[in-house]
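Chain by chain, the residues:
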Amino acid sequence: MTEDFQTSRRAFLALAATGAAAAALPARDAGAQAVATNARIVIIGAGAAGTAMANRLVRRLEGAQITLIDPRAEHLYQPGLSLVAAGLKPASYVVSRTTDWLPAGVTLIAEPVAAVDPEAQTVATGGGQSLGYDFLIVAPGLILDHDAIEGFSLDMVGENGIGALYAGPDHAARTWAAAARFVEEGGRGVFTRPATEMKCAGAPLKHTFLIDDRLRRAGNRGNAEIAYMAPQTALFGVPIVSERVRMLFGDRGIGFTQQRTLRSIDAEARIATFVDQDGFTHEEDYDYLHVIPPQRAPAFVVESGLAWADRWTDQGWVDCEPATLRHNRYPNIWAVGDVAGVPKGKTAASVKWQVPVVEDHLVAAIEGREGTETYNGYTSCPLITRIGRAMLVEFDYNNNLVPSFPGIIAPLEELWISWLMKEVALKATYNAMLRGRA
Amino acid sequence: MKDLTFETMIAVFEEIFGRGLFWAMVAAAVLVTLAWLYVLVRDRSLGMRQFLIAQLFMPVGAVLAVWFVLVMTESHLSDIGGPIDVIVLLGIAAMGAVGGAILVYTVERLVLRRGADQ
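Respectively, the protein sequence lines represent chains V and C.
One point on numbering: in the working numbering, the residue at position 433 of the first sequence is 433, and numbering is uninterrupted.
One point on numbering: in the working numbering, the residue at position 28 of the second sequence is 28, and numbering is uninterrupted.
FYI, nobody ran anything at the bench for these hints, they're computed from the structure.
These figures come from a predicted structure and were not determined experimentally.
Please note: incorrect hints may appear among the correct ones.
Here are the simulated distance ranges between beta carbons [unchecked claim]:
#	chain 1	residue 1	chain 2	residue 2	range
1	V	129	C	94	58 to 66 Å
2	C	88	V	285	38 to 46 Å
3	C	42	V	34	35 to 43 Å
4	V	222	C	95	21 to 29 Å
5	C	9	V	90	20 to 28 Å
6	V	62	C	29	37 to 45 Å
If you want a taste of the chain C side facing chain V, the calculated C-beta under 7 Å gives, among others [to be verified]:
#	residue
7	12
8	55
9	81
10	84
So the derived list for chain V, only partly shown, Cβ under 8 Å to chain C, looks like this [unchecked claim]:
#	residue
11	73
12	332
13	388
14	412
15	413
16	417
The C-beta atom is built at its ideal place from N, Cα and C for all residues, glycine as well.
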């Protein structure tokens with residue numbers, strides 16, 4: 001062999017130099033000059049929204065007193081609960097510690113909030129402390145009202161064919177225990193969703209699709225009936241997505257009964273009672289029942305006069321301006337995450353978009369100017385349609401699709417790449433968001 | 001996704017494979033690449049026989065890379081649903097092919113020292 005390509009030390013050095021230059025490129029996050037202030041900022045809640053907020057504010061502000069109030073020692077990566085409840089991840093996949101994510105220089109008070117006095121600008125904790133604030137971020141998440149379903153309690157989950165994946169990592173794992181028996185034995189699966197606003201409206205559908213897929217993989221789909229029952233008249237709040245899901249349900253042989261709200265359960269007899277729009281009751285027998293309870297704001301929101309007076313009166317979401325999330329009556333209060341009284345946005349992806357907006361307006365308020373950033377209702381849902389495929393559905397307040405990768409990742413197509421994003425990339429992105437870096 | 005930074009990408013890959021496995025793979029890739037550059041510079045030429053054999057290993061590297069990704073993500077080839085999926089799959093295969101060829105060439109040239117035709 002004589003026709004060899006010539007290589008040389010010079011070429012090698014040039015290559016090495018190029019590599020070194022690339023590595024030395026300045027990191028993006030140089031950040032703006034920190035704003036000096038001695039403002040007292042209280043953040044209620046150290047979940048996704050509160051934690052991301054604290055990490056960003058610490059970087060933006062110099063000298064601010066930032067206090068988080070949250071009794072929960074565990075931080076939950078809630079987008080992972082659907083995977084746990086389908087046997088794809090262990091319960092530990094979604095659990096970390098609240099303190100793992102908090103920056104140095106903030107104070108965490110591990111107590112529940114008892115009340116907010118927006119006139120006196122104080123927050124009272126369950127332990128009897130009273131904290132004054134100059135600015136308040138309300139991000140306590142929401143309450144899963146399991147008691148609203150008669151005959152149901154959380155200790156039933158995992159037994160007698162009852163699942164409830166929203167309730168937390170252990171309950172999600174027990175949900176899979178119950179669902180796995182259904183997958184093995186077949187029968188009738190009834191999948192529900194509540195009449196209230198809820199976290200991730202795609203999750204009830206994901207669970208239905210995943211259990212359908214599990215039945216198919218077990219070769220048992222022929223022995224099972226799947227019934228999806230919801231209080232709404234559509235399968236999803238965004239019409240174009242709803243239509244797509246209707247087609248997929250048709251394809252998978254999943255039945256949809258609209259205007260059915262789960263009211264009570266007889267666990268012994270395995271009968272779920274639903275009520276329709278005219279108040280008539282309907283009894284449905286089941287071998288597997290997935291329960292998603294009504295969801296409301298924590299009681300202190302309503303009791304402290306922070307909730308909407310004329311909207312969602314049974315649910316109590318914070319009365320705030322949709323584009324800025326600023327309270328409509330108290331300009332030094334903002335709501336972020338699940339508790340915000342806006343039409344969309346109870347997902348981690350929404351939080352990722354909301355937090356920089358609130359940060360902008362809060363820092364602007366400290367500097368005595370108006371903020372400019374706005375939140376358009378962005379919500380994202382990697383809607384899993386089977387193990388290995390999902391639709392990357394992203395939309396805004398106006399039910400417009402707002403794809404992140406237009407022309408590359410089609411929002412209404414079942415794609416492997418969308419599954420990869422949910423399965424592997426989402427948690428990392430979420431963690432980066434918690435640290436205020438995404 | 002709002003910002004797709006280099007830092008986010010690193011975090012994503014750590015999440016996919018686990019921190020230990022990811023950095024072990026990065027270290028292995030860097031070592032093999034350095035060794036490959038070393039033999040290129042040392043020999044001052046590309047040994048065509050070894051290069052040919054290395055090319056024969058490209059399909060093997062491609063298949064191994066695809067298999068590895070499918071196993072790590074609980075996916076199957078039947079999950080490929082659209083053009084972007086095919087592109088991603090081909091990209092993974094191409095990376096596996098090139099990586100495999102570089103590895104085989106380096107091993108041949110460095111370890112087996114079958115560079116007698118120099």
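That 58 to 66 Å hint for residue 129/V and residue 94/C (C-beta), does it hold up? holds (60 Å)
Next item in the hint list is residue 412/V. Is there a CB on chain C closer than 8 Å to its CB? violated (11 Å)
Holds or violated: 21 to 29 Å for the Cβ distance of residue 222/V and residue 95/C? Check failed, 41 Å falls outside 21 to 29 Å.
Status of the given 35 to 43 Å range, CB of residue 34/V versus CB of residue 42/C: About 51 Å separates the Cβ atoms of residue 42/C and residue 34/V, which means 35 to 43 Å is violated.
With 8 Å as the cut and Cβ atoms as the points, is residue 332/V at the interface with chain C? violated (26 Å)
Should the hint that residue 73/V touches chain C count as held when the rule is a Cβ pair under 8 Å? violated (23 Å)
Classify the hint on residue 84/C as holds or violated, based on whether any CB of chain V lies nearer than 7 Å to its CB. holds (5 Å)
Verdict for residue 9/C, residue 90/V (Cβ pair) under range 20 to 28 Å: holds (26 Å)
Is the interface hint for residue 55/C satisfied, with its Cβ closer than 7 Å to some Cβ of chain V? violated (14 Å)
Chain C contact restraint on residue 413/V - CB to CB distance below 8 Å: holds (5 Å)
So, as I understand it, the hint says residue 12/C touches chain V; can you test that by seeing if any CB pair is closer than 7 Å? Status holds, d = 4 Å.
Hey, does the residue 417/V contact hint survive, CB to chain C under 8 Å? holds (5 Å)
In this structure, the hints that do not hold are numbers 3, 4, 8, 11, 12, 14, in rising order.
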